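Asker: Numbering (the UniProt record's numbering), first residue to last: 1 to 300.
Among the hints, erroneous ones may be present.
With a cut-off of at most 20 Å between alpha-carbon atoms, the simulated SDA-like pairs for lysine to any residue come out as follows [stated by the list, open to error]:
no. : residue 1 : residue 2
1   : 108       : 87
2   : 268       : 55
3   : 27        : 268
4   : 257       : 244
Simulated from the structure, these hints should not be mistaken for lab results. Because the structure is a prediction, the values reported are computed rather than measured.
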Amino acid sequence: MIEMVIDERRRSLGGGLEVGRVLPFAKRRMVGPFVFFDHMGPLDLAPGIDRSLDVRPHPHIGLSTVTYLFSGEIMHRDSIGSVLPVRPQEVNWMTAGRGITHSERFEKARAEGDRLHGIQAWVALPQADEETDPAFSHHEGGDLPQWSDAGVHGQLIAGSAYGLTAAVRTHSPLFYAHLEMEPGAMAEIPTDHSERALYVATGAVEFDGAEYTAGKMLVLGRDASKVRATRHATVMLLGGEPLGERFLYWNFVSSSKDRLAQAAADWKAGRMKLPDADDQEFIPLPDLPPPPAGPSGTAQ
Numbered sequence: 001m002i003e004m005v006i007d008e009r010r011r012s013l014g015g016g017l018e019v020g021r022v023l024p025f026a027k028r029r030m031v032g033p034f035v036f037f038d039h040m041g042p043l044d045l046a047p048g049i050d051r052s053l054d055v056r057p058h059p060h061i062g063l064s065t066v067t068y069l070f071s072g073e074i075m076h077r078d079s080i081g082s083v084l085p086v087r088p089q090e091v092n093w094m095t096a097g098r099g100i101t102h103s104e105r106f107e108k109a110r111a112e113g114d115r116l117h118g119i120q121a122w123v124a125l126p127q128a129d130e131e132t133d134p135a136f137s138h139h140e141g142g143d144l145p146q147w148s149d150a151g152v153h154g155q156l157i158a159g160s161a162y163g164l165t166a167a168v169r170t171h172s173p174l175f176y177a178h179l180e181m182e183p184g185a186m187a188e189i190p191t192d193h194s195e196r197a198l199y200v201a202t203g204a205v206e207f208d209g210a211e212y213t214a215g216k217m218l219v220l221g222r223d224a225s226k227v228r229a230t231r232h233a234t235v236m237l238l239g240g241e242p243l244g245e246r247f248l249y250w251n252f253v254s255s256s257k258d259r260l261a262q263a264a265a266d267w268k269a270g271r272m273k274l275p276d277a278d279d280q281e282f283i284p285l286p287d288l289p290p291p292p293a294g295p296s297g298t299a300q
């Protein structure tokens, strides 16, 4: 059973970079701890692209981010000293906790051209971990278990599923997997978590007799356990256990509206450290209404 179908909505990030925004959605803010889900590309970037396409240094709190690429390369720099490219089928897992800043730049594309295609997801942290120290880890190869069976080629990005566990440290029960499905192939959908979704990045799949094409997220009921590719399909599976309500304000996530307001004030006042390796510019706080505070500083 499908509980809901969410279509990506096109959003401009500036400089000519456009994404398909999936989560949050008005009628479905989260799937398990996944609070944000953007589909980037596919986008052909010509050599010599303007630096305006880069994502300049900007802040986060209360979440972990993962940019997962099918193709292309993005250079990551952050305020705890990490400098490492994001490459296809590798994981750069950044936990913001009480606060981190980072940039994402298209240096390879600028030098030689590139084809950018991937997913950026944010994972909310449990309340007890929202103010944890910021951290960064890189994973590839055996850290991210792979398998192939009957036309389905999979990689576990984070969490546990299919009897496998990725080496990425997470703060709550979840799973995140990438499947490449040949036409006609049938894939099992993990059933160990109470909230689950399937996103079609390319191609098409069949579920309960209906076909779903690229750009659609299927929020799944508890009994959903199999999906079939009607064309070659790139599919992302995600889910986990719910954490309770979270509020988003620009790049900040928190269970407290007052904490969002504090983070916005800190960024506007220059109190959040920029990456040492990329500290000459930053994205200013957008001109947005401040997040309303709840009684006694608690989220409502």
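Asker: Give a verdict on every hint.
Answerer: Against the structure, the hints come out as follows:
no. : hint         : in the structure
1   : 108 with 87  : holds, 11 Å
2   : 268 with 55  : holds, 18 Å
3   : 27 with 268  : violated, 31 Å
4   : 257 with 244 : holds, 14 Å
Violation of the numbered hints given earlier is confined to hint 3; every other hint is satisfied by the structure.
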